[in-house]
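Can you make the complete structure from the sequences, with help from the hints?
There are 2 protein chains.
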Amino acid sequence: MSEYVAPLRDMRFALELAGLDAVSALPGLEDSSADVVDAVLDEAARFAGEVLSPLNRVGDRMGASLGDDGRVTMPEGFAAAYRQYADNGWNGMGCDPEHGGAGMPHVVVAMIQEMVMGANMAFSLCPLLTAGAIEALSLCGSGEQKHLYLEKMVSGQWTGTMNLTESQAGSDLAAVRTRAEPQSDGSWRVFGQKIFITYGEHELAENIVHLVLARTPGSPEGVKGISLFVVPKFIPDADGNPGVRNDLRCVSLEHKLGIHASPTCVMAYGDAGGATGWLCGEENRGIEYMFIMMNAARYAVGLQGIAVAERALQQALGYARERLQGGEAGVKGGGSVAIVRHPDVRRMLMLMKSQVEAMRALAAVTAAAQDRAERHPDADERARAQAFAELMTPLVKGWSTETGNDVASLGVQVHGGMGYIEETGAAQYLRDARITNIYEGTTGIQANDLVSRKIARDGGAAARAVIADMKAQAAALEATGDDSLCAIATALAQSVSALERGVDFVLANWRSDVRAVLAGAVPLLGLFGRVAGGWQMARAALLAHQRLAAGSDEAAFYRAKIVAARFYADHVLSQAAGLAQVVCDGAAGVLDEASGL
Amino acid sequence: MSEYVAPLRDMRFALELAGLDAVSALPGLEDSSADVVDAVLDEAARFAGEVLSPLNRVGDRMGASLGDDGRVTMPEGFAAAYRQYADNGWNGMGCDPEHGGAGMPHVVVAMIQEMVMGANMAFSLCPLLTAGAIEALSLCGSGEQKHLYLEKMVSGQWTGTMNLTESQAGSDLAAVRTRAEPQSDGSWRVFGQKIFITYGEHELAENIVHLVLARTPGSPEGVKGISLFVVPKFIPDADGNPGVRNDLRCVSLEHKLGIHASPTCVMAYGDAGGATGWLCGEENRGIEYMFIMMNAARYAVGLQGIAVAERALQQALGYARERLQGGEAGVKGGGSVAIVRHPDVRRMLMLMKSQVEAMRALAAVTAAAQDRAERHPDADERARAQAFAELMTPLVKGWSTETGNDVASLGVQVHGGMGYIEETGAAQYLRDARITNIYEGTTGIQANDLVSRKIARDGGAAARAVIADMKAQAAALEATGDDSLCAIATALAQSVSALERGVDFVLANWRSDVRAVLAGAVPLLGLFGRVAGGWQMARAALLAHQRLAAGSDEAAFYRAKIVAARFYADHVLSQAAGLAQVVCDGAAGVLDEASGL
Chain A
1072 MSEYVAPLRD
1082 MRFALELAGL
1092 DAVSALPGLE
1102 DSSADVVDAV
1112 LDEAARFAGE
1122 VLSPLNRVGD
1132 RMGASLGDDG
1142 RVTMPEGFAA
1152 AYRQYADNGW
1162 NGMGCDPEHG
1172 GAGMPHVVVA
1182 MIQEMVMGAN
1192 MAFSLCPLLT
1202 AGAIEALSLC
1212 GSGEQKHLYL
1222 EKMVSGQWTG
1232 TMNLTESQAG
1242 SDLAAVRTRA
1252 EPQSDGSWRV
1262 FGQKIFITYG
1272 EHELAENIVH
1282 LVLARTPGSP
1292 EGVKGISLFV
1302 VPKFIPDADG
1312 NPGVRNDLRC
1322 VSLEHKLGIH
1332 ASPTCVMAYG
1342 DAGGATGWLC
1352 GEENRGIEYM
1362 FIMMNAARYA
1372 VGLQGIAVAE
1382 RALQQALGYA
1392 RERLQGGEAG
1402 VKGGGSVAIV
1412 RHPDVRRMLM
1422 LMKSQVEAMR
1432 ALAAVTAAAQ
1442 DRAERHPDAD
1452 ERARAQAFAE
1462 LMTPLVKGWS
1472 TETGNDVASL
1482 GVQVHGGMGY
1492 IEETGAAQYL
1502 RDARITNIYE
1512 GTTGIQANDL
1522 VSRKIARDGG
1532 AAARAVIADM
1542 KAQAAALEAT
1552 GDDSLCAIAT
1562 ALAQSVSALE
1572 RGVDFVLANW
1582 RSDVRAVLAG
1592 AVPLLGLFGR
1602 VAGGWQMARA
1612 ALLAHQRLAA
1622 GSDEAAFYRA
1632 KIVAARFYAD
1642 HVLSQAAGLA
1652 QVVCDGAAGV
1662 LDEASGL
Chain G
1072 MSEYVAPLRD
1082 MRFALELAGL
1092 DAVSALPGLE
1102 DSSADVVDAV
1112 LDEAARFAGE
1122 VLSPLNRVGD
1132 RMGASLGDDG
1142 RVTMPEGFAA
1152 AYRQYADNGW
1162 NGMGCDPEHG
1172 GAGMPHVVVA
1182 MIQEMVMGAN
1192 MAFSLCPLLT
1202 AGAIEALSLC
1212 GSGEQKHLYL
1222 EKMVSGQWTG
1232 TMNLTESQAG
1242 SDLAAVRTRA
1252 EPQSDGSWRV
1262 FGQKIFITYG
1272 EHELAENIVH
1282 LVLARTPGSP
1292 EGVKGISLFV
1302 VPKFIPDADG
1312 NPGVRNDLRC
1322 VSLEHKLGIH
1332 ASPTCVMAYG
1342 DAGGATGWLC
1352 GEENRGIEYM
1362 FIMMNAARYA
1372 VGLQGIAVAE
1382 RALQQALGYA
1392 RERLQGGEAG
1402 VKGGGSVAIV
1412 RHPDVRRMLM
1422 LMKSQVEAMR
1432 ALAAVTAAAQ
1442 DRAERHPDAD
1452 ERARAQAFAE
1462 LMTPLVKGWS
1472 TETGNDVASL
1482 GVQVHGGMGY
1492 IEETGAAQYL
1502 RDARITNIYE
1512 GTTGIQANDL
1522 VSRKIARDGG
1532 AAARAVIADM
1542 KAQAAALEAT
1552 GDDSLCAIAT
1562 ALAQSVSALE
1572 RGVDFVLANW
1582 RSDVRAVLAG
1592 AVPLLGLFGR
1602 VAGGWQMARA
1612 ALLAHQRLAA
1622 GSDEAAFYRA
1632 KIVAARFYAD
1642 HVLSQAAGLA
1652 QVVCDGAAGV
1662 LDEASGL
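Residue numbers (the numbering used here), protein chains in the order written: chain A, 1072 to 1668; chain G, 1072 to 1668.
It is possible that some hints are incorrect.
Copies of the same chain look alike in the list, so a pair counts if it works inside one copy or between any two.
What the hints assert, rightly or not - With a straight-line Cα cutoff of 20 Å, these simulated SDA-like cross-link-like pairs (lysine to any residue) come out: (1) Lys1403 x Leu1662; (2) Lys1295 x Ala1400; (3) Lys1542 x Asp1575; (4) Lys1403 x Ala1245; (5) Lys1217 x Pro1307; (6) Lys1542 x Ala1648; (7) Lys1295 x Gly1404; (8) Lys1403 x Arg1630; (9) Lys1403 x Ala1246.
Hints were generated in silico from the structure; no laboratory data involved.
Okay, structure coming up:
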C-alpha cells in the first residue's frame, strides 16, 4: 500500500483555474494571499501524508468498536492524530475568525479537505460533521448557544454530529418521530432513537455536540413540524466546561462495507428520563435549517469522491510503474515491461487521471463561486455566483461520487489479482468510496434536486447560462487552430448540444410529466457532470496551451494536461449523446407497469 | 438478506431461445429430453435455494481459515453441503457418462451452474475448479491417469485444482519457475510455489488432485517450455485409494475482498524433497492444454457474473417492494409508497433486470453453440458453431462480469444507507462480484483475446457473420409493425452499425497499429457484449410478441419481456455509438507519451 502524497501541483492549477487571485481580493479574504495559501497547502500536504495517511489502513483493519460500557474505542493512533489536527488549527481553517477560525476561502478549504479525505476518509468524517454542526449553530443558534459552543467546536476541542434519520424514515424526514418536551427552565427533554450517526460517540474530544431533529408537542405533521435541538453529551457547566453527562448513549455501531474507523452509531436519547436539549432557532424550522446547510455538506461529500479517486489513482499508478509483466505490444522479444506500458492499463489510468482532474477543477470552480456568492461587492454577481454554485452542487456531489466509485474500481482492476487482496490497499478505496454516493442524499436524491430545484425552478436560467459559457469555451479552443485543442473543442461542443437536449427535455416535461423527467434524472446528472468536467478540462487545456506558447518551464505538466483533456474528450465526453438519448427517450421502459417490477 | 430463488421461468425461456429442442436432438444428447431437463432444473433450484443459499452469508462471515497444522477449516455447513452436492450427482452433470457423469448438454449445465453460483459463489468455485481439472485430464491424461482419477473426480469424491501462476508471473505464464525433475520410475519431483490456488487445501473431499504447470530440465524458455503435471494430495495406492501424503502444503490463505469461504491458497510443492507428480500429456505442451480448457473456464466465470447479478437483483427487488418511503412523485398527499414506485428506483431495477436477462440469453445461446460444435453431424455446422462460441466466450466472460459488478453496485444503491451495512447482504454481492472480472483473465485479457484471436485472426469472418444475423434480427422485428418492437429494432440496428465501425477499425489497424487497437479493446468488448445482449433481447421480444399474439396464458411474463427489451434498447444499446467512438478515436490520449503516466 502506498502512502498518500497530496497532488499539490494539480491543486494549485485547479486554484488558478478557479481564479484564486480574484477570490483572495474579495472583501474579508485579503489575508489569504498567494504566499499564505501556498504555505498552508504545503503544511496540509505534510500533515495528510505523514500523520493521517499511515492510519488509513490501521483504521480499516481495526475499525471503531463499542464496549459494554457504551464507550467507543477508536483505532490506534486516531486520538493522537485528532489532537494534532485540532492543535494545528486545521479544524477551523474555513471558520469565522470571530470564533477562532482562520477564515480561509472555500476554494482553499476545499483543497485542504480533499487532502484530509484522501489521506484518511474515515478520519475526515469527524471534522466534516463538526463543520456541519458549526454551520448550523452559526446559522440559527442563539447568542448564548454560539458563545457556549462555537469557539470550542471551531478549535476542535469539541466535535459535532447531525442526527437526522431514524430507522423507519430513511431519506424521508417527514417520518421522523423523535420528540422534545418543553421544560420550565427553557430547556427541552428529548426522546427517541437516531440511526446512521457518524461519530455519534468517541473519546477523541472532550465533548460531543449533537444536533437533533425532533418534533415538539402539537407541531404539524410532515417536514413542517420538525425542530432542531442542541443536545450535548456533557452539559456545559457555569464556566462552559463539560459538566453533567446527558441522557444519551450509543447503543450499537453498524458493521459497514467500508470507512470502518468511522463509528456509525445508533443513538438513544432519553432512555433514563429525557436528554436535555435546547431549541436551536425557531420551532418547526428544523428541516429548513438542514436544507440551507445541506449544500455545503453535499459539496464536501463530493470532495470525498474526488479524494478517494485520487488516492486510488496514486496507488494504481505506483503499482503499474513497478510491476513488470509481459512484453510490449507490437515488439518482439523485448522482455518484460512495466504494465503501465500496456495500452489497456494506460487507458484505465488515463480514465482515472483525467476524471480526477476534471472533478477537482469543477469542485474548485464551484467553491470559488461560493466565495463570490458570499462576499462579492456586487449584488448581481453574488446572485449569479449563488445560482451557479447551487446548480453545480448536485453535480459535484452526485457525479464526483459516482465517478469516484468507478475510479476506485479501476484502481483494483489495474492491480489484477493483487487488487482483490486486502493487504494491497486498493480494495479499501473501493469499499470506502461506496458510501459517498449514498450518504448526504443518494445520487437519485441529488438528481431530483438537480431537475427540480436547480433546473426547473428558475425555468432553466442558471443551466442555460452555464451552457452558454461552455459554448463560448469551445469556440475559444477552436480559435487557437491547434489540432488537439480543436479536437477537444469539437467533442465539447457536441456534448454541450447533448446536454442542451437533456435540459430542454426537463423544462418541457417537468409540469406535464414529472415521472418521465425523474426517470431520466440520474442519467441527466451523469451527463451534466461529465460535460461540466469536460468544460473545465477544456479551460485547463487552453490555459496549458497559452503557458506552453509563453515558454513555461513546466512544459511537461502543461503537455500532460492537454493530453488528459484530449483523453477526456475522446473517452468521457463521447458518451454524452448516448446519455441524452436515455434522458429523452428512456422513460417508457422505466414506467411501464407491465415490467412486472 | 433474502434467500436465493432460482429464476426458473427465465432460465426455461433462455433455453428455449437457445434452441434446447434442437440441442436435445443432437447425437449423444437424446437422454436430455424436455421432461428430464425440467425435472433436473427443478431439483437444482431446490438444492440451490434450500441447501447452498443459506450458507452464503455464513461463508462470508466465517471465511475459510488456515490452522498451524496446515489444515484449512471451512465455514460451518460447507462440508455437509458438499457431501450432498456430490451424493446427488450434481458434480458430474455435464461429464462423460463413461466416467459416471450425466452427460447433460452444456446449455443445461450452464443453468445449473448459474443456480449454484447464484446461491453461493464461494461454494461453487470448488466444483468449478474440479470441472477444469476433469477437462484437462480427459483431454491429455494417459489411460492410467484417467482410470485413476476421473471417476472419483466426476463423482465429486475427489476435487481438483489448477496451479498456474506464481508471484512473479501474474497473467504472464512465460515467467513460471516451478520445476519438475524426472525420476527413474517415470514419476517426477515437483518444486515450487504457486499462488492464487482456489480450493488448494480443504477437507471437503478425501483427496485433491492438483494440476501444476512446471518446467522440465532443458526445456525452452517462455511459454513453450512449460509442462502439465498431476500432483495429488494423497498418492493413490494400488487400489486407487488415497495413500501416502504428498510433499505439498498450503502455506497461507489470502485475505480477500470477497468470496471469503473460498480458500485461495499459496501452495508449496517439494519443500521436503519433492512433490511426486506425473506428466500429463506431452512435455512442453502445458500452456497449449491450458488454452484449450480456458474457453470453458472463462465461460463459467462469465456465468458467475450473471449469477451474482441475478442474486443482487432478487435482493434489491425484494427490498424495493417492501420498503415504504416518500410519496408517489406527482401525487399530492397519497402517503408513503414502496420505493419500487419511485422512477429512479425503477430505472435501477430495470437496468439490473434487463441486463441479467440479456446476459443469461447470450450465455445460453453460446452454450448451445458449444453443444452443436461438439456434436452436430454436419462438419460445416460444427465449424460455424465453434467459431461462434469462441467469439462469444470473451464477451460472456468480460461483458457479463463487468456488468455483474455494475448490477451488484446498483443493488447496493437501491438499498440506500442499508446497502452499506453488511448485515443487509447486498454489499457481499458487490465484494464477491469484484473478482469475476479479474480471475481466469482480466477484462483486458479477454479483450485482447477478442481482438486478436477472435476478430483479427479470421479476418473478421466470425464477427461479420454475427453482425449479419443481428441485422436480420432487427429487420424481423421491424417487419412486425409493432411500435415497441420497431423501437427496439431501430435501436438494435443503430447499435449494430456502431459495432460494425468498431470491428472495421480493428481489422483495418491490427497489422499496422496494434497498440491503437489494443487501446480500444476493452471498450470494443463492452460494445460487442452490449450489442450481442441487445440482439438476444430482440429475439426474446419477438418470441414474446408471437406468443402473445397466439394468446399465451403467460401474458404477464411475455409482456414483461418486451418491456425489458425496450428498456434495454433505450438505456443500454443507446450507449453503443459512444463506445464505437472511443474504439475508433480514443487511442491518441491513451498512447501519447506526454501524458506523464
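Hint check:
no.	hint	result
1	Lys1403 x Leu1662	between (55 Å within a copy, 19 Å between copies)
2	Lys1295 x Ala1400	between (64 Å within a copy, 19 Å between copies)
3	Lys1542 x Asp1575	within (16 Å within a copy, 33 Å between copies)
4	Lys1403 x Ala1245	between (67 Å within a copy, 14 Å between copies)
5	Lys1217 x Pro1307	within (13 Å within a copy, 80 Å between copies)
6	Lys1542 x Ala1648	within (16 Å within a copy, 23 Å between copies)
7	Lys1295 x Gly1404	between (73 Å within a copy, 14 Å between copies)
8	Lys1403 x Arg1630	neither (30 Å within a copy, 55 Å between copies)
9	Lys1403 x Ala1246	between (67 Å within a copy, 16 Å between copies)
The structure fails to meet hint 8 from the earlier list, while all remaining hints are met.
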